[in-house]
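Here are the chains, one letter per residue:
There are 2 protein chains.
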Amino acid sequence: MQELFSDRICDVPPSFIREILKVTEDPSIISFAGGLPSKELFPLEALKDATQKVFETGGNEILQYSTTEGYRPLREYISRRYQEKMGLTVCPDNILITNGSQQGLDLLGKTMLNEGDEVIIEAPGYLGAIQALSIYRARFHPVEMDDDGIIIDQLVDTLANANAKLMYTVPNFQNPSGVSYTNARRHQVIEALRNSHTLLIEDDPYGDIRFEGERTESFFRMMPERTVMLGSFSKTVVPSFRLGWIVAPDAILDKLVIAKQASDLHTNYFSQRVLFQYLSDNDLDAHIARIIELYGRQREAMLTAIEREFPTGIQHTRPDGGMFLWVTLPDGYAANDLLKLAIKDKVVFVPGDPFYTDGKQHNSLRLSFSTVDEATIDIGIQRLGKAMRELLGSRQ
Amino acid sequence: MQELFSDRICDVPPSFIREILKVTEDPSIISFAGGLPSKELFPLEALKDATQKVFETGGNEILQYSTTEGYRPLREYISRRYQEKMGLTVCPDNILITNGSQQGLDLLGKTMLNEGDEVIIEAPGYLGAIQALSIYRARFHPVEMDDDGIIIDQLVDTLANANAKLMYTVPNFQNPSGVSYTNARRHQVIEALRNSHTLLIEDDPYGDIRFEGERTESFFRMMPERTVMLGSFSKTVVPSFRLGWIVAPDAILDKLVIAKQASDLHTNYFSQRVLFQYLSDNDLDAHIARIIELYGRQREAMLTAIEREFPTGIQHTRPDGGMFLWVTLPDGYAANDLLKLAIKDKVVFVPGDPFYTDGKQHNSLRLSFSTVDEATIDIGIQRLGKAMRELLGSRQ
Numbered sequence: 028m029q030e031l032f033s034d035r036i037c038d039v040p041p042s043f044i045r046e047i048l049k050v051t052e053d054p055s056i057i058s059f060a061g062g063l064p065s066k067e068l069f070p071l072e073a074l075k076d077a078t079q080k081v082f083e084t085g086g087n088e089i090l091q092y093s094t095t096e097g098y099r100p101l102r103e104y105i106s107r108r109y110q111e112k113m114g115l116t117v118c119p120d121n122i123l124i125t126n127g128s129q130q131g132l133d134l135l136g137k138t139m140l141n142e143g144d145e146v147i148i149e150a151p152g153y154l155g156a157i158q159a160l161s162i163y164r165a166r167f168h169p170v171e172m173d174d175d176g177i178i179i180d181q182l183v184d185t186l187a188n189a190n191a192k193l194m195y196t197v198p199n200f201q202n203p204s205g206v207s208y209t210n211a212r213r214h215q216v217i218e219a220l221r222n223s224h225t226l227l228i229e230d231d232p233y234g235d236i237r238f239e240g241e242r243t244e245s246f247f248r249m250m251p252e253r254t255v256m257l258g259s260f261s262k263t264v265v266p267s268f269r270l271g272w273i274v275a276p277d278a279i280l281d282k283l284v285i286a287k288q289a290s291d292l293h294t295n296y297f298s299q300r301v302l303f304q305y306l307s308d309n310d311l312d313a314h315i316a317r318i319i320e321l322y323g324r325q326r327e328a329m330l331t332a333i334e335r336e337f338p339t340g341i342q343h344t345r346p347d348g349g350m351f352l353w354v355t356l357p358d359g360y361a362a363n364d365l366l367k368l369a370i371k372d373k374v375v376f377v378p379g380d381p382f383y384t385d386g387k388q389h390n391s392l393r394l395s396f397s398t399v400d401e402a403t404i405d406i407g408i409q410r411l412g413k414a415m416r417e418l419l420g421s422r423q
Numbered sequence: 028m029q030e031l032f033s034d035r036i037c038d039v040p041p042s043f044i045r046e047i048l049k050v051t052e053d054p055s056i057i058s059f060a061g062g063l064p065s066k067e068l069f070p071l072e073a074l075k076d077a078t079q080k081v082f083e084t085g086g087n088e089i090l091q092y093s094t095t096e097g098y099r100p101l102r103e104y105i106s107r108r109y110q111e112k113m114g115l116t117v118c119p120d121n122i123l124i125t126n127g128s129q130q131g132l133d134l135l136g137k138t139m140l141n142e143g144d145e146v147i148i149e150a151p152g153y154l155g156a157i158q159a160l161s162i163y164r165a166r167f168h169p170v171e172m173d174d175d176g177i178i179i180d181q182l183v184d185t186l187a188n189a190n191a192k193l194m195y196t197v198p199n200f201q202n203p204s205g206v207s208y209t210n211a212r213r214h215q216v217i218e219a220l221r222n223s224h225t226l227l228i229e230d231d232p233y234g235d236i237r238f239e240g241e242r243t244e245s246f247f248r249m250m251p252e253r254t255v256m257l258g259s260f261s262k263t264v265v266p267s268f269r270l271g272w273i274v275a276p277d278a279i280l281d282k283l284v285i286a287k288q289a290s291d292l293h294t295n296y297f298s299q300r301v302l303f304q305y306l307s308d309n310d311l312d313a314h315i316a317r318i319i320e321l322y323g324r325q326r327e328a329m330l331t332a333i334e335r336e337f338p339t340g341i342q343h344t345r346p347d348g349g350m351f352l353w354v355t356l357p358d359g360y361a362a363n364d365l366l367k368l369a370i371k372d373k374v375v376f377v378p379g380d381p382f383y384t385d386g387k388q389h390n391s392l393r394l395s396f397s398t399v400d401e402a403t404i405d406i407g408i409q410r411l412g413k414a415m416r417e418l419l420g421s422r423q
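Residue numbers (the working numbering), protein chains in the order written: chain X, 28 to 423; chain D, 28 to 423.
Hints listed in this document are in silico derivations from the structure and should not be mistaken for laboratory results. Ideal Cβ positions, reconstructed from N, Cα and C, are used throughout, including at glycine. Any given hint could be a false lead.
Said to hold, decoys possible - Which chain D residues stay away from chain X? Per the calculated CB distances, all over 12 Å, these:
id: 1; residue: 65
id: 2; residue: 136
id: 3; residue: 156
id: 4; residue: 163
id: 5; residue: 174
id: 6; residue: 388
id: 7; residue: 412
To be verified - Output of the computed footprint for chain X on chain D, the stretches with three or more beta carbons under 8 Å from beta carbons of chain X:
id: 8; segment: 75-82
id: 9; segment: 123-134
id: 10; segment: 265-278
What the hints assert, rightly or not - Here are the simulated BS3-like cross-link-like pairs (lysine-lysine), alpha carbons at most 27 Å apart as the crow flies:
id: 11; chain 1: X; residue 1: 66; chain 2: X; residue 2: 112
id: 12; chain 1: D; residue 1: 367; chain 2: D; residue 2: 413
id: 13; chain 1: X; residue 1: 413; chain 2: X; residue 2: 371
id: 14; chain 1: X; residue 1: 80; chain 2: D; residue 2: 80
id: 15; chain 1: X; residue 1: 66; chain 2: X; residue 2: 80
id: 16; chain 1: D; residue 1: 371; chain 2: D; residue 2: 413
id: 17; chain 1: X; residue 1: 80; chain 2: D; residue 2: 371
id: 18; chain 1: X; residue 1: 66; chain 2: D; residue 2: 75
id: 19; chain 1: D; residue 1: 387; chain 2: D; residue 2: 367
id: 20; chain 1: X; residue 1: 367; chain 2: X; residue 2: 387
id: 21; chain 1: X; residue 1: 80; chain 2: D; residue 2: 66
id: 22; chain 1: X; residue 1: 66; chain 2: X; residue 2: 373
id: 23; chain 1: D; residue 1: 66; chain 2: D; residue 2: 80
id: 24; chain 1: X; residue 1: 373; chain 2: X; residue 2: 413
id: 25; chain 1: D; residue 1: 66; chain 2: D; residue 2: 112
id: 26; chain 1: D; residue 1: 112; chain 2: X; residue 2: 75
id: 27; chain 1: X; residue 1: 75; chain 2: D; residue 2: 80
id: 28; chain 1: X; residue 1: 75; chain 2: D; residue 2: 66
id: 29; chain 1: D; residue 1: 66; chain 2: X; residue 2: 66
Bound-form chain X, shown alone (with noise of 0.2 Å):
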């Protein structure tokens, strides 16, 4: 059997995660690892709503088969919400509506990579990116993070000795650091890049989950010709209609849309209508801001928390908005090993070593605020502080 298989396919790093997952369906240990939306504040009644009037003034034309491109009034409404939220001008014809923006990942491997073409990422870096691209065969080039997004010096180093196609950021709110780019960085990206032929790919799931700051500028206004943005609705609406899009310059998008015909002919067409409809009827701002209120609170218990509980020597980030933040152990110790005390402590988190494609990291560790609340997150890091304690004491 096993001669049937790609070579590809024997590629793909492992999810990790999935494994952890299994262990958090004791209800007594407290889940740091996940990494979904809280499903507390998803709009049921709201989309309840717009799905029945779907039903009754849409016909039967709403349960056919449909564009590969996707619902033109949903596409235009991406295009109006990018010129309102962050004055940037994007045809509708230019954005792909895609099964969450996962497939924007796996459409762009598609369309865009042959074997051993290489690409550079963020290290660490998003594992669906690392899982999608891989299957494509794609030559990694990590480059390193600071608090204030990749790190210059190697990504000109990079660019130099590497031949890159792609390079691949998530700038706001990283999966799995929480770091975000700051402008001055983000300028330096670009004019790094000027000067190749890298094709940027901006994923930005996050980007309206900001808790503080202001808003920051994107790739993409600063060389449109050569950016593709990826974004979902999974993390402010709904994760379940698995609906994302891609935003690409026209040569490309003509490419995309053929791969996404040949990958499964067009995304849900009745949600991306139900859809539709929610985002006319409701205050989309209105509902993320409910978003932004709780994860909020949440990071502010995970980091308070972690100030009192964590032993000295231990690093972390302090995202500004997003999911996640990111634990750094002192060199030497082991997040697997730390994983192994922390489930007999009853309290859980992703081990970081999947997030690098070099596999030479394995003292990071990221751990979610979005769907623990704040008295249980309080409880969760006492364990976690207590079992790097354990950790850390083991070996003096």
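Using the hints, position chain D against chain X.
What follows is chain D alone, placed relative to chain X:
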């Protein structure tokens, strides 16, 4: 820009169909070109009720991320239906829910094919499969069809001379030809495959839509260890939900799940819940009976008009089910030339060329009878007969 694209995306044959659909926006044109099911029969009210019930009983969880494999009760439903309708034992664990069966083809290409791997395909063959597998740079070996299925001598020769990893078939009411494999032919196919390592893909979106004759045996029953089945709810319940499935042996399913996770995490979960509710509350076979009754009448109208209107020398299939029939012009005539004349006479169809991977056949065409009522079919076939006489007369 061009140097950015992958080689594979340049290999995909364009969809002629898309171009033809543009012509059909003129309401005075009768179209036999579409591949859509009749929207008149979509169970709009029943799906509305099912949706309401899911909203009322499901809670916020219906909007959350879900498992890559798909909604377990839906997989169990599919398993039970295989048992009840076809006597096939398929474990729910061996079923993966996909975004329509088109995604099944993409995932199989992803999981199985290295560049240049060889694939046996029916000639004519399903265009969606040609597109999906072209993306993975399959090398196709077309094997011709007669009225009983794929031609065995050719298949045996091809198996002997190629190193085929996959063989793709649509054994019931094939798109585009309408041909079904007889039971005898099925057994011959399996016998031919016994001495190979070739994995058989049995794509069956139309199997339930049988107007006459008995249900034939499935390849899966004869060779379960090396057959992958694809199924779909698009032709029987609702296309816009994009819900299909793959049945595969354990080792293959595990890899398909990895490929699916990298492709889009999971299929729209809300729609899986709604479809399952619909299937629980309604009699699917009674619904399918209405589809059979309508398409059966329309096929009859088309066959009757063809006998009356087409000039001698034109051959056609007589499908026992499905949505399509296949017309072959005398040698030396091109369906594309006929299309030009037909458009003037205000009737369109799909020329057969894109259904062949070797680019050699030009004298066949596909007619769909699913979306045009009997009276309109009669007029459309009259117009097409006139265009045929014009084409054939031009040479005499």
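Results of checking the hints against the structure:
At the 12 Å boundary, the C-beta of residue 65 of chain D falls inside the reach of chain X, the nearest C-beta of that chain being 9 Å off. Some Cβ of chain X comes within 12 Å of the Cβ of residue 136 of chain D; the nearest lies about 8 Å off, and the non-interface call is violated. Look at residue 156 of chain D: its CB is around 10 Å from the nearest CB on chain X, not clear of 12 Å, so calling it non-interface is violated. Some Cβ of chain X comes within 12 Å of the Cβ of residue 163 of chain D; the nearest lies about 7 Å off, and the non-interface call is violated.
No beta-carbon of chain X comes within 12 Å of the beta-carbon of residue 174 of chain D; the shortest separation is about 29 Å. No beta-carbon of chain X is positioned within 12 Å of the beta-carbon of residue 388 of chain D; the least distance is around 22 Å. Non-interface status of residue 412 of chain D relative to chain X is upheld: no Cβ of that chain comes within 12 Å, the nearest being about 29 Å off. Three residues within the 8 Å Cβ limit are the bar, and the segment 75-82 of chain D against chain X gives 4, so the coverage statement holds.
Counting residues of the segment 123-134 of chain D whose CB lies closer than 8 Å to any CB of chain X gives 6, so the stated coverage by that chain holds, three being the minimum. With a cut-off of 8 Å between beta carbons, the segment 265-278 of chain D has 7 residues touching chain X; three or more are needed, and the interface restraint holds. With a C-alpha separation of about 25 Å, the suggested pairing of residue 66 of chain X with residue 112 of chain X holds against the 27 Å cut-off. The hinted pair formed by residue 367 of chain D and residue 413 of chain D meets the criterion: a straight-line CA distance of about 13 Å does not exceed 27 Å.
Using a Cα cut-off of 27 Å, the hinted pair residue 413 of chain X and residue 371 of chain X holds, with the two alpha carbons roughly 11 Å apart. Restraint check for residue 80 of chain X and residue 80 of chain D: satisfied, since their Cα atoms lie roughly 15 Å apart, inside the 27 Å limit. Between residue 66 of chain X and residue 80 of chain X the CA atoms are separated by roughly 23 Å; this keeps the pair inside 27 Å, and the hint holds. Between residue 371 of chain D and residue 413 of chain D the CA atoms are separated by roughly 11 Å; this keeps the pair inside 27 Å, and the hint holds.
Straight-line distance between C-alpha atoms of residue 80 of chain X and residue 371 of chain D comes to about 41 Å, which puts the hinted pair past the 27 Å bound. A threshold of 27 Å between alpha carbons decides the hint, and for residue 66 of chain X with residue 75 of chain D the separation of about 24 Å falls inside it, so the pair holds. For the hint pairing residue 387 of chain D with residue 367 of chain D, the CA-to-CA distance comes to about 20 Å; that is within 27 Å, so the pair holds. With a C-alpha separation of about 20 Å, the suggested pair residue 367 of chain X and residue 387 of chain X falls inside the 27 Å cut-off, and the hint holds.
Only pairs whose Cα atoms come within 27 Å are accepted, and residue 80 of chain X paired with residue 66 of chain D is accepted, the gap being roughly 19 Å. Taken as a hint, the residue 66 of chain X and residue 373 of chain X pair is honoured in the structure, with Cα atoms around 22 Å apart against an allowance of 27 Å. Our distance criterion of 27 Å between C-alpha atoms is met by residue 66 of chain D and residue 80 of chain D, whose separation comes to about 23 Å. Distance check on the hinted pair: residue 373 of chain X and residue 413 of chain X sit about 11 Å apart at the alpha-carbon level, within 27 Å; holds.
Among the hinted pairs, residue 66 of chain D with residue 112 of chain D is consistent with the structure: their alpha-carbon atoms are about 25 Å apart, no more than 27 Å. Between residue 112 of chain D and residue 75 of chain X the CA atoms are separated by roughly 35 Å; this puts the pair beyond 27 Å, and the hint is violated. A distance of roughly 10 Å separates the Cα atoms of residue 75 of chain X and residue 80 of chain D; the hinted pair therefore holds under the 27 Å criterion. For the hint linking residue 75 of chain X to residue 66 of chain D, the alpha-carbon distance of about 24 Å falls within 27 Å, and the restraint holds.
With a C-alpha separation of about 35 Å, the suggested pair residue 66 of chain D and residue 66 of chain X falls outside the 27 Å cut-off, and the hint is violated.
Going through the hint list in order, the structure does not satisfy hints 1, 2, 3, 4, 17, 26, 29.
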